[in-house]
Amino acid sequence: MAESSLIASPPAERLSVEPLPAESPVARLRWAVVSWRLAAAMWMRAAMSYRANFLLTSVGSLLATFLDFLVLVLMLRHTGRLGGWTLPEIGLLYGTSSFALGVADVLVGSVEGLGQRIASGTLDVLLIRPAPALSMVCAERFTLRRLGRPLQGLLVLGWSMGALPIAWTWPKLLLLAALLVSGTVIFGAIFVAGATVQFWWGESREFQNAFTYGGATLLSHPPGIYGKQLLAGVTFGVPLAFVNWLPLLYLLGRPDPLGLPPAFELASPLVAALSVLGAALAWRAGLRAYRGTGS
Amino acid sequence: MDTSAGLYLAMARGSFRRYSTYRVATLAGAFTNTVFGCILAATFLALWRARPGLGGYDTTQAVTYIWVSQALLVAVAAWGGGFQDDLQARLRTGDIAVDLYRPVDFLGWWLAADLGRAAFQLLTRGAVPLVAGVLLFHARLPHSVLTWTLFLCSVLLAITVSFGLRFLVSVTGFWLDDSEGLRSLMLVVSMFLSGMLLPLGLFPDGLRQAAQALPWASLVQVPCDLFLEHRTGRAAVAALGFQLVWAVLLFAAGRVAQSLATRKVVVQGG
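Which chain is which? The protein sequence lines are H and A, in order. Quick note: numbering that gives the first Met the number 0 has the first sequence finishing at residue 294, numbered continuously throughout. Quick note: numbering that gives the first Met the number 0 has the second sequence finishing at residue 269, numbered continuously throughout.
Please keep in mind that the hints were generated in silico from the structure rather than gathered at the bench. Among the hints, a few may not be true.
Label-pair distances were calculated between CB atoms; the ranges are [unchecked claim]:
no., chain 1, residue 1, chain 2, residue 2, range
1, H, Y49, A, R254, 48 to 56 Å
2, H, A177, A, L122, 45 to 53 Å
3, H, P24, A, L151, 55 to 63 Å
4, A, R207, H, W158, 22 to 30 Å
5, A, R254, H, L37, 44 to 52 Å
6, A, R207, H, A177, 56 to 64 Å
7, H, P129, A, R17, 32 to 40 Å
8, H, R287, A, G93, 24 to 32 Å
Because the structure is a prediction, the values reported are computed rather than measured. Idealized CB from N, CA, C, for every residue including glycine.
Only chain A is shown next, with the shape it has when bound in the complex (with noise of 0.2 Å):
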């Protein structure tokens, strides 16, 4: 037991320093996080110039929100991402046969592989958009500890409930041959459904109240609304228990697929 936690936190400590290097890479889509930060920024100051209070949130709340959300936006791989490519490219050359017979759990390496990778993105491409909302939109950071506990708890849930939807898109590429097509269908509805495009409090009856039950709600939704402190107290342990049972149901059927999945490869040799 103890050392196969210790290699798990090899792997996530490896996967880390080798986005680390990506030192380009990192600027540039820190940049690109600012940007679009400014501009949906400006969008919902006007929105909410022209109705405060709107979706429960006051305009600070409603600024904070876009810039966590930016923040967020990688880490969480909203739009899908991280261990994805690296998955279905040794899919595709039949490297993932050598990854079936390491004596170590399938997902729990892919696992984590991504929490290395998010760690590493939460550290730059989501101090650097934040730092930014808070000198240039005075977006607000939360001063209590427990919120900050609270928040940070609520980002590891949902990097693990976005590994497990990603997991399960990417292993379908067993059967599909390229998950690719359906990888691009669900970046639609995790960037709507998450609360990336638009608080879900601003959907419309019966859509707010599916988006808000769905696992995608925890990828930037929930988080979103622990660290502007719009859920304290119990809503606040409920939210993380409403993460929490995603996460569980969704590696349950990870495993599930990956057992199936894995009694369908056929190594061609060579």
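Next up, chain H with everything else stripped away, as it sits in the complex (with noise of 0.2 Å):
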């Protein structure tokens, strides 16, 4: 079933199965956001009514990244450096990975729930409504509490900014700026895309942990570290060394373990824009793969 079918106002007159020709891809994307803003607030509103419980998690998420960072700041103080890369650099690395990840999660990353609502037959409720499936399945028990970890990763990335010898000019701020938009819609797309894998193996919700926790780990360590074998592979493979590797061995002016020429670490938007299509058409094909049991 397409989605589109299932936009705009009056649902009782728009129970056609073909898409509505009238409709810009400009004007779907717009009420595909919209939706997702209504559905978030709502569920805002339901979390708020646990105020206490509210409150607690809200500390938790920020504690739980905190001591994330303060994992790195034990070892470096045993060695100094890691890799060859110091406290300072490190937390470039960490604040730029926590806060792209962080933002994608609470913006999509309820997406992961897709499973259970397929197994207690309830994605079928979504598709009824007038509204994308997937800035409904995005925004469901969506909460601020989640903001403990991008809100962090700043903390950690003004920190890091101040304590590094660079010298802060416009070009630079502006490529972190674009690191951190290109690494957000990087993450925001693995998320969406692992969470399809749910489509044909419903239980599936640990499977891109790996990918998007697992990365927010990996992209938190210099790539030095790691085998040629691995970083190839989330070159080329799952993007992840375009969220903050590559870009920040431009800024930091150290050389890239692969060996690749320097385009690679100015790519992150274009890779961020062809992820999306990517997790897009993934999430296209599984729409079409699903069927309802009918409940």
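Two chains, two separate frames, one set of hints: put the complex together.
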């Protein structure tokens, strides 16, 4: 079933399965974003009715990610450097990957609950709503408590920027901003593409954690400590290296362990756009392969 | 006595079989544990190459530590879960009332279920990363039967200590309506203080001693040390004793919490 048939206002008049030709891709995208926002606001209100709980999980989320960085600090306390990188440099890696993963998680991370919806038969309910199913699944159980991770990533990033002997000129700041946006988009695409696997293997939820949370762990360490095959895999396979490794190698003027042409270090926005395209195609294929149980 | 032992055994067996039906989930989870193992093992290699003998472990031990901790992660539920998901769902729906008037001990019922789950996950999500670690990173398996025996005893105690902690967290659901918030705080504490993220020996003074005395050390640090033969002989026995003491204390606390909670339950009918 094409999502586009479910778009737009009074649902009663729009029961035809044919896509509506009048709607431009831009209008459809806008509607997808608007419906995400509406659903997210609803879930947020629901979460706020358990106030004590909201507070505790927010603090928990902030502390959890803080400990991640503390582990790096404790490691570096013993050695001074890891793979030749100093703590502020590693802080740059950690801050950027944590921010990108965190924002992507807040925006679309809930998509990983897709398998449960399929198992319980409640995905069908979303498919007959006059809003894109992907927006609904991504906004599910949206809550701002997960902002702890990106917030903490930003704090570490700010500290590292101050601690590094780098003059932060406008071009460099622009590069950093482009890195954060592209990185977030790449992680978002990985979340969606990973969840799409659940259309075929409903219980495979944890599979994508290897690439999302595992990816963020990978990217908070210098690339040089990993094997060449792994580096090639996250450059040409799952494009994790473009989230922060490659642009930061450029920013810090460090050599690329794979010796790739310098164009790779600036290709993140392009790779981000391609990842979104890939994820969108995967989602469409998954939705088409999906068969409801009629429940 | 005999019948009740049989009952708990049946409960554990049923739980084991229940988890064994989630084949894809098990496979996906084992894959993820292995990927994390690869990432963290590379980090530890870089760290120990810079400072050999860090924390009293040689490089092989350090790499093996990562793989054993990944193997234990789900079985000892270092980040929560297992029976907690079921118990909390039943608290929300009110089905918990049914559990409370069963002619079975409430705590024992859930412990049996959790042990069954842990056994399955140890055999699958424990074995896969460990084998991967041996093949990919030359993690070292102990040769002595005694070490394996001590390790398995320690894992059993680790699961019971973890159960005691998680039970206390979930029981707060009787008062808080939703113990999800407390659970996420507990996850943080547990991952850090269990030695899952970093061996406790690498912590700075003060924090190290505190972490080594707290119950979370029983979850990952103690079984790993026994596996690595980092603690042997009398020290190994002391380590098991440490776990046992915490298991007993936490069970006692769980009992008290349970009796307070059941007094508080109001069945709304319907």
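Outcome of the hint check:
The given range of 48 to 56 Å is broken by Y49(H) and R254(A), whose C-beta atoms sit roughly 28 Å from each other. Taken as a hint, the range 45 to 53 Å holds for the pair A177(H) and L122(A), whose Cβ atoms sit roughly 47 Å apart. Distance hint check for P24(H) and L151(A): the Cβ-Cβ separation is about 59 Å, which falls inside the suggested range of 55 to 63 Å. For R207(A) paired with W158(H), a C-beta distance near 25 Å keeps the hint of 22 to 30 Å intact.
Separation of R254(A) from L37(H) is about 48 Å and conforms to the stated range, judged on CB atoms against 44 to 52 Å. At roughly 42 Å, the beta carbons of R207(A) and A177(H) sit outside the given window of 56 to 64 Å. At roughly 39 Å, the beta carbons of P129(H) and R17(A) sit within the given window of 32 to 40 Å. For R287(H) and G93(A), the hinted distance range of 24 to 32 Å is not satisfied, since their beta carbons lie about 40 Å from each other.
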